[in-house]
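Trainee: Single-letter residue listing:
2 protein chains.
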Amino acid sequence: MPTPVKSVLPVVLLGCGGVGRYLLRHIVSCRPLHANQGVAIRVVGVADSSSLLVADDVHSSGLDDALLTHLCAAKAAGSPLSSLLGQVSGNYQLFRNPEARSKVIDAATKLGRTTGLVLVDCSATYDTASLMKDAVDHGCCIVLANKKPLTGPYEDFQKLVSNFRQIRFESTVGAGLPVIASVTRIIASGDPVSRIVGSLSGTLGYVMSELEDGKRFSEVVKTAKSLGFTEPDPRDDLGGMDVARKALILARLLGQQISMDNINVESLYPSELGPDAVSTEDFLESGLVQLDRSMEERVKTASSRGNVLRYVCEIGSKGCQVGLKELPKDSALGRLRGSDNVVEIYSRCYESSPLVIQGAGAGNDTTAAGVLADIMDLQDLFQRTA
Amino acid sequence: MPTPVKSVLPVVLLGCGGVGRYLLRHIVSCRPLHANQGVAIRVVGVADSSSLLVADDVHSSGLDDALLTHLCAAKAAGSPLSSLLGQVSGNYQLFRNPEARSKVIDAATKLGRTTGLVLVDCSATYDTASLMKDAVDHGCCIVLANKKPLTGPYEDFQKLVSNFRQIRFESTVGAGLPVIASVTRIIASGDPVSRIVGSLSGTLGYVMSELEDGKRFSEVVKTAKSLGFTEPDPRDDLGGMDVARKALILARLLGQQISMDNINVESLYPSELGPDAVSTEDFLESGLVQLDRSMEERVKTASSRGNVLRYVCEIGSKGCQVGLKELPKDSALGRLRGSDNVVEIYSRCYESSPLVIQGAGAGNDTTAAGVLADIMDLQDLFQRTA
Numbered sequence: 310m311p312t313p314v315k316s317v318l319p320v321v322l323l324g325c326g327g328v329g330r331y332l333l334r335h336i337v338s339c340r341p342l343h344a345n346q347g348v349a350i351r352v353v354g355v356a357d358s359s360s361l362l363v364a365d366d367v368h369s370s371g372l373d374d375a376l377l378t379h380l381c382a383a384k385a386a387g388s389p390l391s392s393l394l395g396q397v398s399g400n401y402q403l404f405r406n407p408e409a410r411s412k413v414i415d416a417a418t419k420l421g422r423t424t425g426l427v428l429v430d431c432s433a434t435y436d437t438a439s440l441m442k443d444a445v446d447h448g449c450c451i452v453l454a455n456k457k458p459l460t461g462p463y464e465d466f467q468k469l470v471s472n473f474r475q476i477r478f479e480s481t482v483g484a485g486l487p488v489i490a491s492v493t494r495i496i497a498s499g500d501p502v503s504r505i506v507g508s509l510s511g512t513l514g515y516v517m518s519e520l521e522d523g524k525r526f527s528e529v530v531k532t533a534k535s536l537g538f539t540e541p542d543p544r545d546d547l548g549g550m551d552v553a554r555k556a557l558i559l560a561r562l563l564g565q566q567i568s569m570d571n572i573n574v575e576s577l578y579p580s581e582l583g584p585d586a587v588s589t590e591d592f593l594e595s596g597l598v599q600l601d602r603s604m605e606e607r608v609k610t611a612s613s614r615g616n617v618l619r620y621v622c623e624i625g626s627k628g629c630q631v632g633l634k635e636l637p638k639d640s641a642l643g644r645l646r647g648s649d650n651v652v653e654i655y656s657r658c659y660e661s662s663p664l665v666i667q668g669a670g671a672g673n674d675t676t677a678a679g680v681l682a683d684i685m686d687l688q689d690l691f692q693r694t695a
Numbered sequence: 310m311p312t313p314v315k316s317v318l319p320v321v322l323l324g325c326g327g328v329g330r331y332l333l334r335h336i337v338s339c340r341p342l343h344a345n346q347g348v349a350i351r352v353v354g355v356a357d358s359s360s361l362l363v364a365d366d367v368h369s370s371g372l373d374d375a376l377l378t379h380l381c382a383a384k385a386a387g388s389p390l391s392s393l394l395g396q397v398s399g400n401y402q403l404f405r406n407p408e409a410r411s412k413v414i415d416a417a418t419k420l421g422r423t424t425g426l427v428l429v430d431c432s433a434t435y436d437t438a439s440l441m442k443d444a445v446d447h448g449c450c451i452v453l454a455n456k457k458p459l460t461g462p463y464e465d466f467q468k469l470v471s472n473f474r475q476i477r478f479e480s481t482v483g484a485g486l487p488v489i490a491s492v493t494r495i496i497a498s499g500d501p502v503s504r505i506v507g508s509l510s511g512t513l514g515y516v517m518s519e520l521e522d523g524k525r526f527s528e529v530v531k532t533a534k535s536l537g538f539t540e541p542d543p544r545d546d547l548g549g550m551d552v553a554r555k556a557l558i559l560a561r562l563l564g565q566q567i568s569m570d571n572i573n574v575e576s577l578y579p580s581e582l583g584p585d586a587v588s589t590e591d592f593l594e595s596g597l598v599q600l601d602r603s604m605e606e607r608v609k610t611a612s613s614r615g616n617v618l619r620y621v622c623e624i625g626s627k628g629c630q631v632g633l634k635e636l637p638k639d640s641a642l643g644r645l646r647g648s649d650n651v652v653e654i655y656s657r658c659y660e661s662s663p664l665v666i667q668g669a670g671a672g673n674d675t676t677a678a679g680v681l682a683d684i685m686d687l688q689d690l691f692q693r694t695a
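Sequences listed follow chains A and B, in order.
Numbering follows the numbering used here, with no gaps: position 69 of the first sequence is 378.
Numbering follows the numbering used here, with no gaps: position 375 of the second sequence is 684.
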């Protein structure tokens with residue numbers, strides 16, 4: 310006999326493209342597992358960039374699993390949420406922007422201080438930040454896979470983490486890898502974290518480790534693109550801004566009151582080859598090769614010292630740096646091959662030899678799994694019913 | 310202005326030798342940090358193997374920090390708890406065994422279903438198991454660094470984890486390394502863990518990696534002993550039982566309903582050289598060298614295949630094995646040097662490349678830090694007061 314459900318977690322999801330869609334699939338497929346653990350996740354609303362699908366009565370019911378499954382299929386096919394209207398029956402309503410936003414606030418207001426609500430942000434925009442801040446004011450819990458609300462003005466970060474037990478953001482750094490959770494544990498135990506060094510871009514991890522074999526930079530980047538490891542324009546990876554956002558989140562987690570402006574970010578291409586000057590096509594065809602020579606020299610210089618080059622973020626007493634760094638071949642970061650992420654955490658307990666966490670740090674499935682683990686980790690804040 | 314305290318966590322600690330003593334020190338030194346996080350840990354009782362020191366009124370007050378500091382100093386000097394009686398003033402009482410045990414149950418009964426209570430086991434005995442089970446019945450939370458209550462009869466394990474949100478046991482495996490927390494997250498996200506492979510003995514990790522350099526087994530074990538890496542009788546490490554206990558905890562966490570009897574444990578010494586047949590001194594002087602030849606051969610055979618030997622536990626669909634295993638030189642386990650622990654976790658999300666967690670897996674400071682992180686992780690189950 311399964312354990313009767315004890316905790317109900319109402320959820321509103323912002324962003325149901327890649328990660329969000331996988332999250333909904335995971336929620337539906339995990340129902341029996343979660344019931345065994347005494348938890349039921351009730352999805353009361355799902356929003357994409359233009360609309361919100363919300364349950365008729367958010368207090369008493371959620372969107373049913375058949376609807377969520379339809380929704381996932383529609384999003385996978387590239388259709389917007391609004392395409393479901395009229396096609397699928399059920400006890401839901403659809404609101405378009407800008408009304409959709411106020412309806413999310415409605416749900417947050419209704420549920421935040423009664424049953425509780427988890428507002429989950431799997432979008433990739435800065436636009437959700439004010440919504441998330443409002444939700445915090447209404448007593449809601451917050452789970453983010455979206456880095457942007459945490460990497461805007463410091464005041465926004467401060468606001469979002471002001472009730473630290475009600476926010477989780479594991480999937481903003483290293484997808485599902487337990488980096489934030491581990492750093493949070495270490496800090497809570499009074500073991501001061503002195504330094505974090507990480508390779509937090511699967512793309513750049515792959516590129517830098519391939520260079521060791523004597524391959525040319527331009528070739529490796531093109532191969533990475535053909536393997537689907539890069540953004541459509543590889544400069545979005547090579548510029549380092551995505552790594553910088555993750556570094557900023559870690560730095561702020563360690564208590565550094567800094568912003569993107571305070572981070573030294575080394576771009577692997579010069580501004581003359583930037584998106585404003587050169588098209589993606591031209592960059593791939595004739596821009597990249599211009600970088601081969603200098604990269605080859607840097608790799609050789611490192612190698613002559615027994616080191617390898619890695620694109621890392623480093624957060625420590627001197628602030629936060631993002632860029633290429635020479636590292637010993639036999640360190641956790643130096644040994645890294647392929648597209649895994651690696652994070653080294655140094656503290657009193659992990660002083661001479663760091664705590665190392667390594668594994669796949671990207672992918673919709675893994676990122677969504679991290680978000681779901683975060684949601685489940687909030688369960689004790691929700692009322693239990695016998 | 311510091312945040313006013315919101316959650317009070319009453320704690321009774323069993324075992325205040327090595328790890329327990331460090332825990333008390335950490336609790337005292339973390340007061341300002343925890344106050345900032347809205348948490349106050351109230352130590353209402355501390356027990357060693359013969360006595361219990363308990364606050365006069367467990368409902369309203371704890372043992373004060375001056376007393377806890379005295380207590381740590383006494384235990385560090387090898388004195389029993391009872392030596393404090395009369396020497397240190399304060400609002401506490403001291404009970405000796407067997408009365409001490411019933412007084413712990415008293416506190417559990419009084420606090421378990423009212424303010425809540427965390428019963429922390431930092432002892433190293435099976436004797437606490439029934440006490441911990443009683444505490445579960447009284448609604449208490451449980452935190453263990455002690456492996457033994459979790460590695461006795463399966464029914465005991467089942468009872469202790471029956472309310473899974475109220476138990477933490479991170480420090481039973483890999484000290485403070487976030488192994489249990491990470492596996493629990495992965496399971497909660499519906500990502501089924503298929504296999505865990507780990508090097509969970511710093512001693513055996515050190516011994517096996519040193520053998521690669523061509524050193525003799527007997528020499529390496531003696532060096533490990535002189536460095537303080539082994540138990541007083543190194544056979545306590547070489548027999549593999551400590552690793553087997555950790556493996557059993559991981560296997561049970563993955564849902565395997567097994568017991569120690571079901572684990573194949575390879576001992577690195579034969580029964581003819583066991584404690585019943587040979588004294589520690591004789592084992593070190595003349596027993597160990599008898600093992601050099603066969604170990605040398607096994608290391609060479611592995612090396613000829615590009616592999617290294619590691620003493621690992623492996624938990625998977627075929628149950629649970631503990632012993633020497635040939636592993637690729639360039640795997641996370643194969644690359645391991647020194648006394649770090651390493652755990653590789655395989656699941657759907659971490660299928661071809663595992664999630665790897667590596668770092669110091671022993672030491673009182675680190676183990677106590679893991680226990681404190683566990684206690685802090687329970688805070689949402691305790692009443693908050695404005």
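The reader is advised that the hints may include incorrect statements.
Repeated chains share a single entry, so a pair holds when one copy, or any two copies, can fit it.
Said to hold, decoys possible - List of simulated lysine to aspartate or glutamate pairs, DMTMM-like, C-alpha gap at most 25 Å:
hint, residue 1, residue 2
1, K442, D689
2, K609, E408
3, K534, E660
4, K315, D465
5, K315, E464
6, K634, D465
7, K531, D366
8, K412, D373
9, K638, D542
10, K468, D689
11, K634, D366
12, K638, D522
13, K315, D689
14, K315, D443
15, K457, D373
16, K419, E606
17, K419, E540
What the hints contain is simulated information worked out from the structure, not anything from laboratory work.
Trainee: Confirm or reject each hint.
Mentor: Do the hints match the structure? See the list:
1. Proximity of K442 and D689 under a CA criterion of 25 Å is satisfied in both settings, with 22 Å inside one chain copy and 22 Å between copies.
2. Within a single copy, K609 and E408 get their C-alpha atoms no closer than 58 Å, and across copies no closer than 71 Å, so neither meets the 25 Å cut-off.
3. With identical chains, the CA atoms of K534 and E660 are at most 25 Å apart between copies only, with a shortest distance of 23 Å across copies and 38 Å within one.
4. For the homomeric pair K315 and D465, the shortest alpha-carbon distance between copies (24 Å) is at most 25 Å, but the shortest distance inside one copy (34 Å) is not.
5. For a Cα distance limit of 25 Å, the shortest separation of K315 from E464 across copies, 24 Å, qualifies, whereas the shortest one inside one copy, 36 Å, does not.
6. For the homomeric pair K634 and D465, neither the shortest alpha-carbon distance inside one copy (31 Å) nor that between copies (51 Å) is at most 25 Å.
7. For the identical chains of this complex, K531 and D366 are neighbours neither inside a copy (51 Å) nor across copies (70 Å), given an alpha-carbon limit of 25 Å.
8. Taking CA atoms no more than 25 Å apart as the test, K412 paired with D373 passes inside one copy only; the shortest distance there is 19 Å, against 51 Å between copies.
9. Taking the closest pair of Cα atoms, K638 and D542 never come within 25 Å of each other, the shortest separation being 30 Å inside a single copy and 37 Å across copies.
10. Taking the closest pair of Cα atoms, K468 and D689 come within 25 Å of each other both inside a single copy (22 Å) and across two copies (20 Å).
11. Taking CA atoms no more than 25 Å apart as the test, K634 paired with D366 passes in neither setting, with 54 Å inside one copy and 58 Å between copies.
12. Proximity of K638 and D522 under a CA criterion of 25 Å is satisfied in both settings, with 13 Å inside one chain copy and 19 Å between copies.
13. Taking the closest pair of Cα atoms, K315 and D689 come within 25 Å of each other both inside a single copy (10 Å) and across two copies (16 Å).
14. Within a single copy, K315 and D443 get their C-alpha atoms only as close as 28 Å, which misses the 25 Å cut-off; across copies the closest is 23 Å, which meets it.
15. Neither within a single protomer nor between protomers do K457 and D373 lie at most 25 Å apart by alpha-carbon distance, with minima of 30 Å and 45 Å respectively.
16. In the homo-oligomer, the alpha carbons of K419 and E606 never lie at most 25 Å apart, since the shortest distance is 61 Å inside one protomer and 71 Å across protomers.
17. Taking the shortest alpha-carbon separations for K419 and E540, neither the intra-copy value of 39 Å nor the inter-copy value of 59 Å comes in at or below 25 Å.
When the structure is compared with the earlier hints, violations turn up for hints 2, 6, 7, 9, 11, 15, 16, 17 and for no others.
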